[in-house]
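From first to last, the protein sequence lines are chains X and S. Under our numbering, the residues of the first sequence are numbered 1 to 138, in order. Under our numbering, the residues of the second sequence are numbered 1 to 412, in order.
It should be emphasised that the hints constitute simulated quantities derived from the structure, not laboratory data. A quick note: this is a predicted structure, and the numbers were derived from the prediction, not measured. The C-beta atom is built at its ideal place from N, Cα and C for all residues, glycine as well. Mixed in with the good hints, there may be bad ones.
Said to hold, decoys possible - Computed cross-link-like contacts, SDA-like style, restricted to lysine to any residue with a CA-CA straight-line distance of at most 25 Å:
1. Lys208/S with Lys38/X
2. Lys208/S with Gln111/X
3. Lys142/S with Asp246/S
4. Lys38/X with Thr167/S
5. Lys205/S with Leu181/S
6. Lys78/S with Thr167/S
7. Lys79/S with Arg23/S
8. Lys208/S with Lys75/X
9. Lys125/X with Asp246/S
10. Lys38/X with Asp246/S
What the hints assert, rightly or not - To be clear about the criterion: a stretch of chain X counts as covered by chain S if any three or more of its residues have a C-beta under 8 Å from a C-beta of chain S, and this derived list gives those stretches:
11. 14-23
12. 111-121
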Amino acid sequence: MTKEAYILVVDDDPDILENIVTILETQPYRLATARDGKQCMKMLEQETPDLLILDLLMPRMDGWGVIREMRSERKFDKVPIMILSTVVEDASRRRYELETGMSMDVQEYIQKPARPAELLRLVVKLLNIKEAADFEIG
Amino acid sequence: MDNSGFDSVFDGMDPRVLITVARLRNSEIFAELDEEDLVSIAGFCREENYQDGHIVLVEGQPANSMFIIERGKVALEKKVQIGRHTTPRNATIDYVGPGQIAGFSSLTPPYLYATSAVCTEPTRVLYIDADQLREYLREQPKAGYPIMLKMARLIGFRYRGSIDTLTYFLSIVSHELRSPLAAIENYLQTMLGGFAGELTQKQDKMIKRCVVRVTDLRALISDVVDLARMRPEQIQADFEWFDPGDTGTESIEDVRLAAAEKNIRIRVAPPAKFEPIVGGHRRLRQVFTNILNNAIKFSPPDSTIIFRAWYEADQLIFEVEDEGPGIPTEEMDEVFKDFFRASNVGDTPGMGLGLSIAHNIIEAHNGEIVVRNVGDESGKTGACVRIVIPRNLMTPEMRKREYAKDLQQIEQ
Chain X
1 MTKEAYILVV DDDPDILENI VTILETQPYR LATARDGKQC MKMLEQETPD
51 LLILDLLMPR MDGWGVIREM RSERKFDKVP IMILSTVVED ASRRRYELET
101 GMSMDVQEYI QKPARPAELL RLVVKLLNIK EAADFEIG
Chain S
1 MDNSGFDSVF DGMDPRVLIT VARLRNSEIF AELDEEDLVS IAGFCREENY
51 QDGHIVLVEG QPANSMFIIE RGKVALEKKV QIGRHTTPRN ATIDYVGPGQ
101 IAGFSSLTPP YLYATSAVCT EPTRVLYIDA DQLREYLREQ PKAGYPIMLK
151 MARLIGFRYR GSIDTLTYFL SIVSHELRSP LAAIENYLQT MLGGFAGELT
201 QKQDKMIKRC VVRVTDLRAL ISDVVDLARM RPEQIQADFE WFDPGDTGTE
251 SIEDVRLAAA EKNIRIRVAP PAKFEPIVGG HRRLRQVFTN ILNNAIKFSP
301 PDSTIIFRAW YEADQLIFEV EDEGPGIPTE EMDEVFKDFF RASNVGDTPG
351 MGLGLSIAHN IIEAHNGEIV VRNVGDESGK TGACVRIVIP RNLMTPEMRK
401 REYAKDLQQI EQ
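With the hints as constraints, model all of the structure from the sequences given.
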């Protein structure tokens, strides 16, 4: 990465946030957190992140709401999104989430509790794709 | 009070009967009956007063009386027994108060009380002899019909009430219990990964124990939630194409830590090549994980578990074999029942839901799950669980297509 990547992490559970931050802090990333969809939208306006890690079930505005708004706005429609979801037990529900996510151009889907190594692997992967894309555009 | 019918029917009647009629009218099921019927029914009613704690009726006993609660409160209870060896407990499923009825079961076959009823306060009831009431309603269908309608409605209410409670309970269990657990698991994994500083050997060991226990707890929550939505149609609705080899690998990953802890080796004997099959991917993973976990729990340290799979005609067969104590022969038939725990399990933790859930899942696959002991004269012991899954199952989409084809053929 030429410059340090800016990652926004959104979850209504402060413990999940702290955890993910603890894991990502070990890497040269710039991190910010939001506790719900509305706060997330505000922070997006201030600075466009290189990656958004997003919980689905949140108060005020849920993760789907954030994704819908982002994908309908040109300046956010290329931000890679990783959904961070609580374990979904039922296969039809999980399929629904995966398919809806894919149709909205969500790149990755990780289930809580996320293993640190897996989380880091996916973050690196998404940032690399983003960098390659930026390079092509740039 | 309505006096119009009073003159004709009630003229010269014992005032005590009149009072009973008025009291019957205050109850939820007799409110709309004609005076004539009420007078007759009053003939087999009497007032009774009970102390707090009095048992009004007993679950499973012949139902020959019904009670209108006039004052106080009555708890409806059901006996709950977890496992065959534990003391049964009473669980309160509802309360009834003034105007409400206890002892519906006395009006419908098989005439056995579905719950027990216990006074939780000093209670006054109108006791009704149900044999006589039934006889009367049979002879007077005009009175019987509205009462049966009312009863059907009341039963419907109670039924819907219990479904609502169950749904609510399940959503609480699945989300509210799982979320904090996910947070705990995350912290533990983060610490184990060394992201919060280096751990001493002792800390590392303790945190690994935490992970194992938390994983068990998560599995238990899933099991309890699943048990309630384990109808075959629900399982079949999730059927999809998948690689059974992946499922096996995932299950082994699920139990890796628990196995490592007892230094148990899981030896895998897969077929030369796994072919995709239709089934409940996550459900089968749950079956394998449950069975592997079970095997690990009952295996001695440093032993080996064999996890093998092979194809046979139109079936895929899996086996999990351990070196544990096996299952007492006389309990073989019981192992797939809810909350069953063999008598030789000692302190091994668990609720005994794992195998019964596995059984339900495999049944929904039209498959077979059996357990046998693999001990021999040399003193070797062990249990072997065999799972047979047919290879002709259909996804919901395939079933829909089949159905459409059938329809077409019928039309032609």
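Okay, the hints, checked on the actual structure:
Between lysine 208/S and lysine 38/X the alpha-carbon distance is near 38 Å, which puts this suggested pair outside the 25 Å criterion. Our distance criterion of 25 Å between C-alpha atoms is met by lysine 208/S and glutamine 111/X, whose separation comes to about 20 Å. Of the supplied pair hints, the one linking lysine 142/S and aspartate 246/S is violated, its CA atoms being roughly 65 Å apart against a limit of 25 Å. Annotation: proposed proximity of lysine 38/X to threonine 167/S is violated, straight-line Cα distance about 30 Å (limit 25 Å).
This hinted pair checks out: lysine 205/S and leucine 181/S have alpha carbons roughly 20 Å apart, not beyond 25 Å. The hinted pair formed by lysine 78/S and threonine 167/S meets the criterion: a straight-line CA distance of about 19 Å does not exceed 25 Å. Of the supplied pair hints, the one linking lysine 79/S and arginine 23/S is violated, its CA atoms being roughly 32 Å apart against a limit of 25 Å. Between the alpha carbons of lysine 208/S and lysine 75/X the distance comes to roughly 44 Å, so the proposed pair goes past 25 Å and is violated.
With a C-alpha separation of about 23 Å, the suggested pairing of lysine 125/X with aspartate 246/S holds against the 25 Å cut-off. About 39 Å separates the Cα atoms of lysine 38/X and aspartate 246/S, which puts this hinted pair outside 25 Å; it is violated. Given a C-beta distance limit of less than 8 Å, the hint that chain S covers the segment 14-23 of chain X holds, as 6 residues qualify and 3 suffice. For a cut-off of 8 Å, the count of residues in the segment 111-121 of chain X with a CB near a CB of chain S stands at 6, and the three-residue condition holds.
Hint compliance for this structure: hints 1, 3, 4, 7, 8, 10 are broken, all remaining hints hold.
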